[in-house]
Amino acid sequence: MMAKILTLKIQIRVLAKRIIPCLDIKDGRTVKGINFVDLRDAGDPVELAEIYSKEGADELVFLDISATEQKRKTLAELVYHVAEKVNIPFTVGGGISSVEDVDILLHNGADKVSINSSAVKNPQLINDLVAKFGSQCIVVAIDAKEIDGEWNVHLVGGKVPTEIRLFEWAKEVEERGAGEILFTSMNHDGTKNGFANEALAKLSSEVNIPIIASGGAGNIQHFADTFIEGKADAALAASVFHFKEIEIKELKKELRKKGIPVRL
Amino acid sequence: MKIVIINYGAGNIQSIKFAFERLGYEAVLSQDEAEIKTADKIIFPGVGEASSAMRMLRKSRLDTLIPQLTQPVLGICLGMQLMCHSSEEGNTTGLGIFDVDVVKFSNKVKVPQIGWNEITNLKTGLFKGVTEKDHIYLVHSFYAPLSKETIATSEYELPYSAALAKDNFYGVQFHPEKSSLVGEKILMNFLSIK
Chain A
1 MMAKILTLKI QIRVLAKRII PCLDIKDGRT VKGINFVDLR DAGDPVELAE IYSKEGADEL
61 VFLDISATEQ KRKTLAELVY HVAEKVNIPF TVGGGISSVE DVDILLHNGA DKVSINSSAV
121 KNPQLINDLV AKFGSQCIVV AIDAKEIDGE WNVHLVGGKV PTEIRLFEWA KEVEERGAGE
181 ILFTSMNHDG TKNGFANEAL AKLSSEVNIP IIASGGAGNI QHFADTFIEG KADAALAASV
241 FHFKEIEIKE LKKELRKKGI PVRL
Chain B
1 MKIVIINYGA GNIQSIKFAF ERLGYEAVLS QDEAEIKTAD KIIFPGVGEA SSAMRMLRKS
61 RLDTLIPQLT QPVLGICLGM QLMCHSSEEG NTTGLGIFDV DVVKFSNKVK VPQIGWNEIT
121 NLKTGLFKGV TEKDHIYLVH SFYAPLSKET IATSEYELPY SAALAKDNFY GVQFHPEKSS
181 LVGEKILMNF LSIK
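Protein chains in written order, with our numbering: chain A, 1 to 264; chain B, 1 to 194.
Keep in mind that the hints were calculated from the coordinates and are not lab data. Where a beta carbon is used, it is the ideal one built from N, C-alpha and C, also for glycine. Check the hints yourself; a few may be wrong.
Stated by the list, open to error - Some, not all, of what chain A presents toward chain B, calculated at C-beta under 8 angstroms: (1) A83; (2) E84; (3) N87; (4) D103; (5) H107; (6) G109; (7) R176; (8) M186; (9) N187; (10) G190; (11) N193; (12) E206; (13) I209; (14) D233.
Unchecked claim - Think about it this way: if two alpha-carbon atoms lie no more than 27 angstroms apart in a straight line, the pair counts; the simulated DSS-like pairs of lysine-lysine are: (15) K59/B - K132/A; (16) K249/A - K185/B; (17) K258/A - K59/B; (18) K85/A - K185/B; (19) K171/A - K194/B; (20) K132/A - K159/A; (21) K121/A - K132/A; (22) K104/B - K231/A; (23) K185/B - K202/A; (24) K71/A - K85/A; (25) K85/A - K202/A; (26) K85/A - K133/B; (27) K108/B - K231/A; (28) K171/A - K59/B; (29) K202/A - K59/B; (30) K231/A - K202/A; (31) K249/A - K108/B.
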């Protein structure tokens with residue numbers, strides 16, 4: 001019995017917990033003030049992506065928030081240039097709503113795409129994407145807010161509430177074949193007070209696909225907590241990395257000291 | 001050196017082409033028999049579902065060509081799985097190069113396995129300069145169990161083949177083109193295999 005428990009622990013310990021910086025993109029440029037002294041062009045997503053990958057980021061997420069008609073073409077070009085330069089996997093999200101959208105992004109070199117509101121409006125889209133491209137490249141992003149003890153899914157970057165329950169939706173997303181869930185807690189996002197670990201742990205126990213935690217990162221301990229208490233498989237953050245409040249190398253060293261498996 | 005990436009309609013092969021470009025090599029995408037036969041090094045990629053990928057290979061007769069190749073061939077991810085005897089995914093036979101049957105992870109672990117895992121028990125020149133327990137990037141729900149052809153081991157639900165080799169054929173379950181510096185080392189090693 002003891003031996004069994006021991007092996008189980010070892011199994012969980014080998015797959016590294018992932019650290020994922022998220023870059024907001026508008027019209028092919030990174031937005032939000034980014035505080036990198038060594039950047040030649042703070043608005044160039046490709047250069048920033050290269051720096052993050054050298055610093056030890058395990059993956060990158062590009063979230064396109066532009067709403068222009070040129071969007072699709074600009075995003076496809078960006079994806080192509082990132083794929084050219086970066087030797088770690090990256091996910092692209094923001095306004096993706098059809099099989100054709102995904103086809104263009106994957107063909108330009110994206111490893112995964114993330115869909116959000118479009119999946120809620122048309123859940124069949126998940127099945128269609130999985131059938132065509134496989135589970136491994138379809139991430140479903142869920143923004144949710146806890147009100148009076150109930151977690152409800154929100155749309156349009158968390159602005160529009162729905163009646164859909166987080167945990168029910170997560171199960172449906174898994175059944176429809178999604179490969180990963182990127183969960184953002186609207187209650188925690190921007191607070192820098194830590195991730196929504198209780199909800200994250202519940203998600204991990206109710207679905208059997210990897211969960212990426214998002215919203216609330218403020219310090220190194222928050223990352224440790226979300227991997228241990230929140231049972232998250234990966235943690236995503238934006239501003240703490242962009243403003244160099246946390247350096248990825250340092251973060252990963254500290255996590256390893258705490259016994260959390262990371263890639264150094 | 002002529003590097004050909006076999007293009008049979010499976011997945012994101014642009015990334016592999018870019019990875020070689022970053023290393024200073026041009027790789028061509030092709031499904032033309034003559035072109036593949038005259039290559040010095042051949043990459044057999046694959047992302048997607050096994051039985052439909054096998055159908056595409058049969059349609060373009062690559063299923064008979066690939067096992068007859070005599071140059072170094074590197075199967076990546078699903079490419080490696082298709083080089084095996086069979087796959088549980090869509091219950092398909094494979095190319096039969098590696099004598100092992102591909103099966104699915106159980107629900108004791110999260111499926112797919114996505115992320116960076118360690119490789120150990122490294123054998124052959126493919127892993128020259130790679131350190132035991134270095135991390136590589138994987139995305140997969142099916143795996144090749146350990147066999148006599150295993151040249152690298154990873155552990156998820158259980159120890160399994162992270163890489164296989166037989167004669168001039170190599171297969172890696174992970175994505176060297178997405179595995180940072182370790183992956184680049186492995187691709188360079190493959191290019192120097194005679």
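Inset, instruction - Starting from K185/B, check that the Cα of K202/A is at most 27 angstroms away, please. - result: Violated. K185/B to K202/A sits at ~40 angstroms, over the 27 angstroms cutoff.
Inset, instruction - Using Cβ atoms only, decide whether D233/A comes closer than 8 angstroms to chain B, and label the hint accordingly. - result: At 7 angstroms from the nearest chain B Cβ, D233/A passes the 8 angstroms test, so the hint holds.
Inset, instruction - Compare the distance between the alpha carbons of K59/B and K132/A with 27 angstroms, and conclude whether the hinted pair is satisfied. - result: Roughly 18 angstroms separates the two Cα atoms, so the pair holds.
Inset, instruction - For the pair supplied as a hint, K132/A and K159/A, confirm whether the alpha-carbon distance does not exceed 27 angstroms. - result: violated (31 angstroms)
Inset, instruction - Grab the minimum C-beta distance from E206/A to chain B and call the hint holds if it beats 8 angstroms, violated otherwise. - result: The hint is violated - E206/A has no Cβ within 8 angstroms of chain B, the shortest such distance being about 12 angstroms.
Inset, instruction - Assess, step by step, whether the Cα of K108/B is no farther than 27 angstroms from the Cα of K231/A, and give holds or violated. - result: Given that 27 angstroms is the threshold and the Cα spacing comes to 15 angstroms, the pair holds.
Inset, instruction - Would you check the hint for K85/A and K185/B, treating anything up to 27 angstroms between C-alpha atoms as holding? - result: With a Cα-Cα distance of about 16 angstroms, the restraint between K85/A and K185/B holds, given a limit of 27 angstroms.
Inset, instruction - Quickly compare the C-alpha distance for K231/A and K202/A to 27 angstroms and report which way the hint goes. - result: holds (9 angstroms)
Inset, instruction - Below or equal to 27 angstroms on CA atoms is what counts here, so check K121/A against K132/A. - result: holds (20 angstroms)
Inset, instruction - For the pair supplied as a hint, K258/A and K59/B, confirm whether the alpha-carbon distance does not exceed 27 angstroms. - result: violated (52 angstroms)
Inset, instruction - Below or equal to 27 angstroms on CA atoms is what counts here, so check K249/A against K108/B. - result: Violated - the C-alpha atoms of K108/B and K249/A are around 32 angstroms apart, more than 27 angstroms.
Legend entry - Cut-off 8 angstroms, beta-carbon criterion: hint that N87/A touches chain B: N87/A check passes; min Cβ-Cβ to chain B is 5 angstroms, inside 8 angstroms.
When the structure is compared with the earlier hints, violations turn up for hints 4, 7, 8, 9, 10, 11, 12, 17, 19, 20, 23, 25, 28, 29 and 31 and for no others.
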